[in-house]
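A.B. asks: Mind docking these for me? Both chains are given alone in their own frames, and the hints should help you get the complex.
Taken in order, these protein sequences are the chains called A and B.
For the first sequence, the working numbering assigns the number 238 to the initial residue and increments by one for each residue that follows.
For the second sequence, the working numbering assigns the number 406 to the initial residue and increments by one for each residue that follows.
Hints in this document: simulated from the structure, not taken from any laboratory.
Using N, Cα and C, we set each Cβ at its ideal position, and we do this for glycine too.
Any given hint could turn out to be false.
Stated by the list, open to error - Have a look at the derived ranges for each label pair, beta carbon to beta carbon:
| # | chain 1 | residue 1 | chain 2 | residue 2 | range |
| --- | --- | --- | --- | --- | --- |
| 1 | A | SER358 | B | ALA612 | 24 to 32 Å |
| 2 | A | GLY432 | B | ASP640 | 24 to 32 Å |
| 3 | A | PRO267 | B | SER526 | 41 to 49 Å |
| 4 | A | SER388 | B | ASN816 | 17 to 25 Å |
| 5 | A | VAL299 | B | SER731 | 26 to 34 Å |
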Amino acid sequence: MKKIMILMLLIFSVILSACQEQGVTVEETPEDYMCKDQPLSESCYSPSDDLDFISTDPVEYVISELFDTERVNQSPRNWLLYRNEEYAIDGVKAIITDGVDGNRFVRMFSDGLKKPPHPQSAPTPTFIFTTKFNLDIDRKGWMEGSLMIPSDVPSNPVTLGVSTGAVNTISVTIGSDMKVSVQVGGPFYYYSGTGDGGDVFSTAHTLSQDIWYRFRLEWDASTNNVKAYLYVSGNLVQLHSGAFHISNRVNALMSGMILVPNVVRVTMPRNYMNGWAYLDNVVVERKV
Amino acid sequence: MKKLLSLFMTVILIGSIIPNQFIKANDSLIYLESDYERLHAVIQHVENVLKYGHEYNPETALLPDAINTLTGEPARWTFPNRAAVPYSNLANQQNFYRTLVGLSRVTGSEKYKNEAMDILSEFMTNYQSPNGLFNWGGHRAINLDTLEVQSTEGPNGPHELKNMMPYYELMLEVDEERTLRFMKQLWTAHFYWSSTDMNRHGSYSTAFDNNVFGQAIPDHVIQFDEDGNPIIPADSPGLLPFVNSATDLAYAAFALSNHTGDPVPALWAKYLMTQYNRASHPVTGMTVYQYKSTLVTRSPIECADPAYTNSGCGDRVARQFRDFGSIAREANVAWKNTQAVYVDNILMLLEAADKYGVTDFVDWARQYMEGYLEYAYIRVDGKNMIVPMFIDGTITYGYVVPQVGYFGPSNMRLDYVPMPTTYLLPILRTILQTEGTQNQEKLWGYFRDIVYTYGLGDIGEVGGANPKLNLDTSIDDPYALMAMVELYDKTKNIDYLNVARTIGNNIVSEKFHRGFFVESEIMLYSRLDQPDTLALLTLDAVVRGISLSEMPFYLADSGYIHGYLLADDGVTEDRSYTQNVIYTKTIYD
Chain A
238 MKKIMILMLL
248 IFSVILSACQ
258 EQGVTVEETP
268 EDYMCKDQPL
278 SESCYSPSDD
288 LDFISTDPVE
298 YVISELFDTE
308 RVNQSPRNWL
318 LYRNEEYAID
328 GVKAIITDGV
338 DGNRFVRMFS
348 DGLKKPPHPQ
358 SAPTPTFIFT
368 TKFNLDIDRK
378 GWMEGSLMIP
388 SDVPSNPVTL
398 GVSTGAVNTI
408 SVTIGSDMKV
418 SVQVGGPFYY
428 YSGTGDGGDV
438 FSTAHTLSQD
448 IWYRFRLEWD
458 ASTNNVKAYL
468 YVSGNLVQLH
478 SGAFHISNRV
488 NALMSGMILV
498 PNVVRVTMPR
508 NYMNGWAYLD
518 NVVVERKV
Chain B
406 MKKLLSLFMT
416 VILIGSIIPN
426 QFIKANDSLI
436 YLESDYERLH
446 AVIQHVENVL
456 KYGHEYNPET
466 ALLPDAINTL
476 TGEPARWTFP
486 NRAAVPYSNL
496 ANQQNFYRTL
506 VGLSRVTGSE
516 KYKNEAMDIL
526 SEFMTNYQSP
536 NGLFNWGGHR
546 AINLDTLEVQ
556 STEGPNGPHE
566 LKNMMPYYEL
576 MLEVDEERTL
586 RFMKQLWTAH
596 FYWSSTDMNR
606 HGSYSTAFDN
616 NVFGQAIPDH
626 VIQFDEDGNP
636 IIPADSPGLL
646 PFVNSATDLA
656 YAAFALSNHT
666 GDPVPALWAK
676 YLMTQYNRAS
686 HPVTGMTVYQ
696 YKSTLVTRSP
706 IECADPAYTN
716 SGCGDRVARQ
726 FRDFGSIARE
736 ANVAWKNTQA
746 VYVDNILMLL
756 EAADKYGVTD
766 FVDWARQYME
776 GYLEYAYIRV
786 DGKNMIVPMF
796 IDGTITYGYV
806 VPQVGYFGPS
816 NMRLDYVPMP
826 TTYLLPILRT
836 ILQTEGTQNQ
846 EKLWGYFRDI
856 VYTYGLGDIG
866 EVGGANPKLN
876 LDTSIDDPYA
886 LMAMVELYDK
896 TKNIDYLNVA
906 RTIGNNIVSE
916 KFHRGFFVES
926 EIMLYSRLDQ
936 PDTLALLTLD
946 AVVRGISLSE
956 MPFYLADSGY
966 IHGYLLADDG
976 VTEDRSYTQN
986 VIYTKTIYD
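Extracted from the complex, chain B is given alone in its bound form (with noise of 0.2 Å):
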């Protein structure tokens, strides 16, 4: 009794000598000068993006892809004979648009998102090919000096996008008639409807169709054997249907379809998107990059060379880790390219379920979480990371690899590989998107791991009881922040929110430098895609009592350019993306 007592006592002890110092009486937030201190930090950025983006160039409204917050001179790509070319890919400038339209719904100012509006209408209406395609992605930019396209790779470099996922909805806002002719040539120029081929690559030469979906879908690609395991046909001639693409792909279809209420396109987004399921291994649940091997074009002389990884001289994998037998092909790596195929793959496959009501995807991405989780991930020394192996569980880890190929350099011991904290929000959208609680408990015991040893404290049991956040983590992470956004969006517990404070905090902190958002302090250059200022403004969103359904979405942070350039010694030609040479510079380079 005596007991009993006492803790009643300490019950109304507490309860009444601590006041809630950040809820209102009608149970709405209150904003603090801290919340506000955040979004000051995301307008000086914005502002400075804009105030030496366009000063560069004051002829266009494009902005450069980065900026050099030491000069404020646009990023340079450098090719080989030394040409150093300002950029500017649209393609990689999606969460920048997404920002503007954020900020402008936040603050209620609309310039922000008009100036969104006037960079995309003059691109659009400038740099858009005859066949309907942009003149963007992974091989095309604009030259900000002459305002011409730039290709890196040939004079004629192709189209490509791999998880970009373009703001449609803001560009359908801007230009409906051009933005639908891409989203219809983008199938055109990459799908072979003939041969069901996909190809990364899409061509600025093939005409335009505005029939593009007339077709009757075709059967599927992928059958099964008499054990009912998927076949991957080895018959694709260097097109290599990846799954990044093939993202991108499904999200215009879905966007196009949304838009104009026709469901063909939508139809065959689903048909595209199946293959990769229908690909994926039936007993770990585990998918692939690709639904096609290559098939073998080039000379036995040429493919001698193993140090030769054109994928004319066939599956790349298959040529490096013969080890392995018939497992080892391009589609079935699960320690290379998982990116794609486990974050920005799920991400869409969510959206479109989410938007679209492909109900099924929620389902797809919760097997794919599920299979992945399960047999690649393990905490190793504290740290969260995945076991290579094949998807069909063989462990690669501590392989030797005998030979140089595409995959590295000879002798290349594999190892874990780090796992980033981009997989939190797929892991926890696809929980927040399954029906049942039973449904979400496997997952969410995954993230409930993964959170805890990136040292964000317990989340709690399934639906968000009981949580014991670390309320002081360090971590300045916008995947991080979005989750916990969404989950306080989703469960109303104040200490998600509070953590998410604390780690929009650390965001300012320690990325915010030189009047720009940067990876860490000695970086060079700030990106217009990085996910920072978005995430900040989701949660300023929601302190705000904005709905985050009224808020723009984060789908990717995947933009990039490939192709010739010169390597960071200056002397040596090379073939690489701006990730690898160019935003890994620091202040002192």
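Okay, chain A solo, but in the shape it has when bound (with noise of 0.2 Å):
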């Protein structure tokens, strides 16, 4: 048996090794491909083809926030309410409701208790309730909007106005006692370190609570202009008219050009204060 392994085993090598050597004669030399020494030559690289052209312009758009066709007791479908993980789940609420006459408006809910992160150290609002346009090609224009202070319920100071991106260009602000006061620009801490809070300019109007009042805010960056109205029977009262606030500049220089509102914002202070306040028809069109 031993001999019969041996003799398989001698054959077997014997025919292995002829395979092997029939193999190389056969078998290619093992070569690199062509382009390893030439990566960069014509017949090797190929530019890869141009990025399909996707226009950077902006898209207009203006907005009309009537909240009738809204669905009762659930937020409005195009703006955004503030909160973050420290929030009670009903420190902050904006709720379409049904007016007795049919006409349907927000009711704002603020606890007044938290805020966001940042910035630090500034008197950042708890409730903060936003919505998005685009006139960033006209660079002007005008938004309305109608505040309520009810007095069924504990009631909160409540700003409305236009911001850009996360800063104020203008804004109202009803406040705890009933006072109207204009703010423009602000707040800026993110960039000066001055603790900028904007400008603030009271008036002389003094509110009633359960009636609605309408607001009309205008820009125009050609004219670097800002302005404040309210509605007084039906004709406009001017509250304010002035130059952006050097917040609303890129840089925060006044050479920086001026960059133009984006947001409608309606916020209640952090006052640790529980309190109410109604909103209805945001309109923003672009300025003739």
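C.D. replies: Below, the structure written as structure tokens:
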């Protein structure tokens, strides 16, 4: 048996060595791929196609938020209500409500307890309710919106304005004493380090609860002018007219290009008080 | 006997019929078509970065940090007032310059290295502050619209480098004088000689000091109590001596000493890194993120609000994790900033050991890595994870944080933290630089487990014997690729190279889209600092027979910009990082 095995082993070895020799004669010598030493030559390297062009021009759009087609007890669809992990579940609310005349509006609630983490050291509000528009080509426009402070529930001071991103352009505030003030620019803590809170202008107007008041804000970058109005008996009464604040300029320099607003913003302060305010009929339009 | 014969026959048969397709007669590797396909992708990426990067503003050679792969436009930092600034931050582009030099090395064309030198030359000539600091880093960049310096903090944003480890070899070649001036001023601006404090923020107003290293090296900051435990002083007035900034200071000082022949800067570098070593835990070996705690400088009224996380209110971990007692300090956290402590820091220590002869650093690296892996590494559900803990081994897993603070919101439950593949290189390089097999065994065991869990198969025994690697792995990770290339380079075991080729092919098929390397097909931006192209070039070099020592070396991928910006909903202000806000955008955003 041993002899047979040894014999077979010898035969296999001979066959295998023959096969190997034959393999050497037919197998191609392994070679490097032709582009190894000329990786940038035209025969090897082909540039990629150009990227498909996608326009970076802004797409303008305006808004008309009457809320009449929104669902009752829901949040309005086009609006964003800020909250973070620290907010109580019902710490802030913005819900559609049917008025007695069938008109729907937004009831806004804030517990006034929490706020966004930034900017720190700034009077950042608890309630931040926003929607967007774009008039970046026109660089001018107007916004109108109606506010009411109710008397049958605890109320809160409320601010309605237009912002460039997170920075106020111009806004009107109905204070806890029902007095109206106008703020231009700020908060502006991200850049100056000066605690610049914008410019606040008080007015002679003291409003009443349970009445809708309609405000109008205008901006025009070509004339460097912002304006605020209050409708009184159907007529526009000017509250303020002045220049854009520095916080609406690139690099916060007087020579910086004016950045026009793109956000409608409603806020209620972090004042550790529960309170309501109502919003209706927000419109942004081109300025002729 | 029969069995023996059969075995003998089998061996002969297998040896006879399997040709080695990848090795030439002279033992050099065959360069395959697939090898060139990977290189081709790298060339296309580089050419597109240069094309679109230069196209945006022809007035400058500077490139943006990242390119929008749909439009070819630069990535933009959007400030809270929605000013959108295309930014060029050369501290965040170092892997691209390494890629350019590596590409010149493997293609034999100097044009790519020349590009790198042109860009660096313009930057160093025009954007070095009078005091020597460059306008780059965590809070400053160049606005590609105006070519002015742009701060993302106040108008005078500070200098900050955190594990960016610039490509000093090339910078010295481009402009020796300006590079040396920067290396010195980095210490003048960030190190406080009188108090031995170190600040990750450096001022552009600090005057240049040519004799920066002229003082005598002081006594160690970290002393020990009677039980041999390190005493971490709580006397730093908000300066926060983070290890990721110390790493950059030390790296600059070592490079300075190496270039000038003056040993003093290297002594200071070693002194600085020694404080972190002395502060490491005497039992576990785990090391710290900072060697001092902060002094309370703010008023109790300000600090009563836990959401106010200014470091002037004292140690932020002590405030938020006070249930854990005295171990709860920012220095001792081993579940956050671990990339800085156990990856970038280790890679710098090993680089210093390898290039500048600081051999102690290999022992320190081994101590840190062994301690960390022994206590904190765990496999959960087939994944490599980290158990959250303090460096003394006190586990915080499952803890529900009672109040908001610097480390996150209230009610946050601390869970296992995924271990990223970036850990592969520091573990492997520590092993490869450690003398003696017996000293390598412990780390090799962890490395073997970790690699296996990542799906790469079994790397075999210490030294690379008998690997059973997964040659068909689906991993597309640059760190895994570099690890396999470095293992091959050390052992010459072809199996490691074959896995590296598979990983390299995966990287190209999964990450090369629209002419750029991106994190995945849907990601919008291609970052210049991404490590994929450099990893692919190291593989290409090894296949060509080019020594890794002749190639630019991977050290970090930590570039970022930090500051105030418009948050993702576009209506609120936030303070965040490019990595969290910009590089997370997809092509659908």
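A.B. asks: State for each hint whether it applies.
C.D. replies: Hints, verified against the model:
no.: 1; hint: A:SER358 with B:ALA612: 24 to 32 Å; result: 30 Å, holds
no.: 2; hint: A:GLY432 with B:ASP640: 24 to 32 Å; result: 29 Å, holds
no.: 3; hint: A:PRO267 with B:SER526: 41 to 49 Å; result: 44 Å, holds
no.: 4; hint: A:SER388 with B:ASN816: 17 to 25 Å; result: 37 Å, violated
no.: 5; hint: A:VAL299 with B:SER731: 26 to 34 Å; result: 60 Å, violated
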